[in-house]
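Participant: The primary structure of each chain is shown beneath.
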Amino acid sequence: MQTGSRKPLHRVVPFASLIAIVGLWLAAQFQPQAVARAQGALAGRVIDVQGEPVQGVHVRAYREGESEPIAEDETLFDGTYVLLMTEDEAELKDMRIVYERPHFISEEWSPSSTNVNDMTQHGGLILPDVTLERRFSIGFWIATAAFLGMLLVIATEKLHNTLAALMCVAVVFSVSLVGGSLNPELFILDFDQALEHVDFEVIFLLLGMMIVIGIIEETGIFQWLAYQAYRLSRGKVWLMTVILMLMAGAASALLDNVTTMLLMTPITLQIALAMRLNPLSLLMPALMAANTGGLMTLVGTPVNIIIGSYAGLGFNDFLLHLTPGVIMCELALIGYVLWRYRKEHRQAGHKLSTEQMKQLEENARIHDPVKLRKAGIVFAILMGLFIFGEAIHLPPAVAAIIGAVAMLLWVNPDVEAMLKVVDWTTLIFFIALFMMVGAIQEVGLISWIAAGVRTLVGDNPIAAMLGIVWVSALLSGLIDNIPFAAAMLPVVRYLSATLPGIDGNALYYSLALGADLGGNSSLIASSANLVVAGISERAGYRITFRKFVAIGLPATLITTAVGTIWLLIHFF
Amino acid sequence: MDSILCCIRGGEASIETQKHCVALAKQLKKDVIFFMAYDVEFMARANYALHADIVSEEMAEMCAFMMNLAVERALEDSVKATSMVRFGPFVEELRKVVSEISPSLVILGHPGADEAGHRLAALQSLCETLRAELNVEFRILPEINVNHAA
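Line by line, the protein sequences are chains D and L.
With the first letter of the first sequence counted as 1, position 96 gets the number 96 in the numbering used here; the numbers rise by one all the way through.
With the first letter of the second sequence counted as 1, position 69 gets the number 641 in the numbering used here; the numbers rise by one all the way through.
Errors might be hidden in some of the hints.
[Unchecked claim] Simulated coverage check for chain L against chain D, where a stretch passes if three residues somewhere in it have a Cβ under 8 Å from a Cβ of chain D:
| hint | stretch |
| --- | --- |
| 1 | 578 to 589 |
| 2 | 594 to 607 |
| 3 | 624 to 632 |
| 4 | 637 to 648 |
[Said to hold, decoys possible] Derived DSSO-like pairs (lysine-lysine); straight-line CA-CA distance at most 27 Å:
| hint | chain 1 | residue 1 | chain 2 | residue 2 |
| --- | --- | --- | --- | --- |
| 5 | L | K668 | L | K602 |
| 6 | L | K591 | D | K358 |
| 7 | D | K351 | L | K668 |
| 8 | L | K602 | L | K652 |
| 9 | L | K652 | L | K668 |
| 10 | D | K236 | D | K358 |
| 11 | L | K668 | L | K601 |
| 12 | L | K668 | L | K598 |
| 13 | L | K591 | D | K351 |
| 14 | D | K371 | D | K358 |
| 15 | D | K358 | L | K668 |
| 16 | D | K343 | D | K236 |
| 17 | L | K591 | D | K343 |
| 18 | L | K591 | L | K601 |
| 19 | D | K158 | D | K547 |
[To be verified] Restraint ranges, calculated between C-beta atoms of paired labels, are given here:
| hint | chain 1 | residue 1 | chain 2 | residue 2 | range |
| --- | --- | --- | --- | --- | --- |
| 20 | D | I565 | L | G660 | 46 to 52 Å |
| 21 | D | R346 | L | A704 | 47 to 53 Å |
| 22 | D | W410 | L | R703 | 42 to 48 Å |
| 23 | D | V415 | L | G660 | 41 to 47 Å |
| 24 | L | E613 | D | W424 | 46 to 52 Å |
| 25 | L | S674 | D | L232 | 43 to 49 Å |
For the record, the hints were derived by calculation from the structure and aren't laboratory data.
The beta carbon of each residue, even a glycine, is placed where N, CA and C say it ideally should be.
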């Protein structure tokens, strides 16, 4: 057995040296000032006209008359760079530094006599910030046309969402990589850049929730809830409507509105037909409540998931800053519905026969009570992880995956069957969408929009909030709110960072509110609307575009107004 | 088979079609078989986790419930009635059902007022084809005015 300190020292010294080297390297990465002064080095930062750091700028130092750079670097996420040179190379005379990045006008910097003296004296130099201006290349127009084309194709339903998004990604990459090699003006972005824009937290959160919801679907709980609305109301039509709305809203907040309505609609239709009511007088209120309710929590809608991940908003943030306002919106919606359908509610409602009651109970029964109990326990734990996980830095995506795994292991061990339930086309749509938003971000379209919006709202944060809420609400009725929200996020980030006197996240909640509440404004505004219309049509009750707008648009205006009031009270 | 096959697609106009069918069956002293076909094509528009089989089951139960309401109304009028619900495209399923049960008459409702005019022509053409193919009488009822509420 060896004793004494010799062996530990023998191991410690090289290890300490390694740490020192790594530490110096890290210092060089993040402390250009210190490095510049320690070696013959030039350091600085590159920003755009909006003051935002520009990542990926190629910075090269050339000696006059030479084509090979003597030093080069690429700017980091914070726009900083460090050009490390030998003492000989650090002679600033006859040096120029070139800053280049696709979609920006290149800049050059040449030293003044003061710079030369400073460099000689200190051996390093911190250069002033370099501002790069955007350049609208052919790539800009192609990326913009591809993105707008994608929105149009999705809105007109010419192609499936996923196919539309993939097609546009294919166009962007083809132009970038094939065209870009022939003409740099055609370059938009490459695979590495595209992947950096994909938010995998969103993908995994969606994946986890899809598995959780897929298992809960099998229990029959949605159908049972719809039947309970009838039973608890004892046939009073207005009360049944209110209970149905509250159930649909709550289910959408925690699960998703499409599944909620897909499974509640058939039973609701049966109840309406048995009571000799027009089914739309029950379906439309439930649907609008589901669309509204989804806004309540982080996991209620894909739009909230995207916004939450981008802005770093957790489950509790939504509970604190949006849920109370959404409850106000739901109450306003109930008021509107009770007024709108007052004639139908005055009807007594035909009493169901014994046979009809039996059949409804059978159709609405819980299919698997054991599975429901287990799924309920896992779901409660999942909600606990969402709420308390933030304290231990557990991202919602990880909580969702834990919930999904627990469901698969304990509740439904048929992994293959469950993975078939996951909507992979939707996940691929999101990946392609993120890449497309990345493309228009790279070419400068988002910056251009952000600058335009900033000019429009001036220094008025309330104007910004109102604009975001109402434009989102109205546009969401015409185009898919998911790509719209994804594209708006960098604009919102810019406004949040530059508007004086604004709560950092107020505009993100404004975007969520507008984009989600807009789902009630037209038939095409939400997937839930389309599936309910599909089921209703098969039962012989067609919901036309005009019919939907006649009921849904006033509801959107009312709930958006109430939501706006909440935002004003809460944030301003 | 000595029965009238009444094709139903739900809705207020369909209830009128059913009443007309029942009255005719009473007059001709025949039974009524209510027939409905459904599909789940609308699920292509849903973008989340979905069990196609669960949705299909729900649709089947919904259609069966609607058929039972129709049967109950027929029984109230002292007409013997049963129902058939099939999954698939309407024309194909209708062809199969007619081949199976050989009704004496097939009744179809008039296309609704909010549907395109060409549907009546298409329906008439379909009836002609099936009549020639299956040697069964097909009849499209005249348009019935119904209040479309909500």
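Participant: Give a verdict on every hint.
Facilitator: Consistency of the hints with the structure:
1. Residues of the stretch 578 to 589 of chain L with a Cβ under 8 Å from some Cβ of chain D number 7, which satisfies the need for three, so the listed coverage holds.
2. Three residues within the 8 Å Cβ limit are the bar, and the stretch 594 to 607 of chain L against chain D gives 0, so the coverage statement is violated.
3. Requiring three or more residues with a Cβ within less than 8 Å of a Cβ of chain D, the coverage given for the stretch 624 to 632 of chain L holds, as 4 such residues are present.
4. Remark: the stretch 637 to 648 of chain L is confirmed as covered by chain D, as 5 of its residues place a Cβ nearer than 8 Å to a Cβ of that chain, reaching the required three.
5. Only pairs whose Cα atoms come within 27 Å are accepted, and K668(L) paired with K602(L) is accepted, the gap being roughly 21 Å.
6. A threshold of 27 Å between alpha carbons decides the hint, and for K591(L) with K358(D) the separation of about 25 Å falls inside it, so the pair holds.
7. Between the alpha carbons of K351(D) and K668(L) the distance comes to roughly 37 Å, so the proposed pair goes past 27 Å and is violated.
8. Restraint check: the Cα-Cα separation between K602(L) and K652(L) comes to about 8 Å, which is no more than 27 Å; the hinted pair holds.
9. A C-alpha spacing of about 22 Å is found between K652(L) and K668(L), which places the hinted pair at or below 27 Å, so the restraint holds.
10. For the proposed pair K236(D) and K358(D), the alpha carbon gap of about 19 Å is at most 27 Å, so the pair holds.
11. The straight-line distance between the Cα atoms of K668(L) and K601(L) is roughly 25 Å, inside the 27 Å bound, and the hint therefore holds.
12. For the proposed pair K668(L) and K598(L), the alpha carbon gap of about 26 Å is at most 27 Å, so the pair holds.
13. For the suggested pair K591(L) and K351(D), the alpha carbons sit about 21 Å apart, so the restraint of at most 27 Å is met.
14. Restraint check for K371(D) and K358(D): the C-alpha separation of about 24 Å stays at or below 27 Å, so the hint holds.
15. Between K358(D) and K668(L) the alpha-carbon distance is near 31 Å, which puts this suggested pair outside the 27 Å criterion.
16. Annotation: proposed proximity of K343(D) to K236(D) holds, straight-line Cα distance about 13 Å (limit 27 Å).
17. Taken as a hint, the K591(L) and K343(D) pair is honoured in the structure, with Cα atoms around 26 Å apart against an allowance of 27 Å.
18. The suggested pairing of K591(L) with K601(L) holds, with an alpha-carbon distance near 15 Å, which does not exceed 27 Å.
19. With a CA separation close to 22 Å, the supplied pair K158(D) and K547(D) stays within the 27 Å bound.
20. Range check, I565(D) to G660(L): Cβ separation about 50 Å, and the 46 to 52 Å hint holds.
21. Taken as a hint, the range 47 to 53 Å holds for the pair R346(D) and A704(L), whose Cβ atoms sit roughly 51 Å apart.
22. Distance hint check: the CB atoms of W410(D) and R703(L) are about 58 Å apart, inconsistent with the given range 42 to 48 Å.
23. Between V415(D) and G660(L), the C-beta spacing of about 31 Å breaks the proposed range 41 to 47 Å.
24. E613(L) and W424(D) have their C-beta atoms about 20 Å apart, which leaves the hinted 46 to 52 Å range violated.
25. For the pair S674(L) and L232(D), the supplied restraint of 43 to 49 Å holds, since their beta-carbon distance comes to about 48 Å.
In terms of the numbered hints stated before, the structure departs from hints 2, 7, 15, 22, 23 and 24, listed from lowest to highest.
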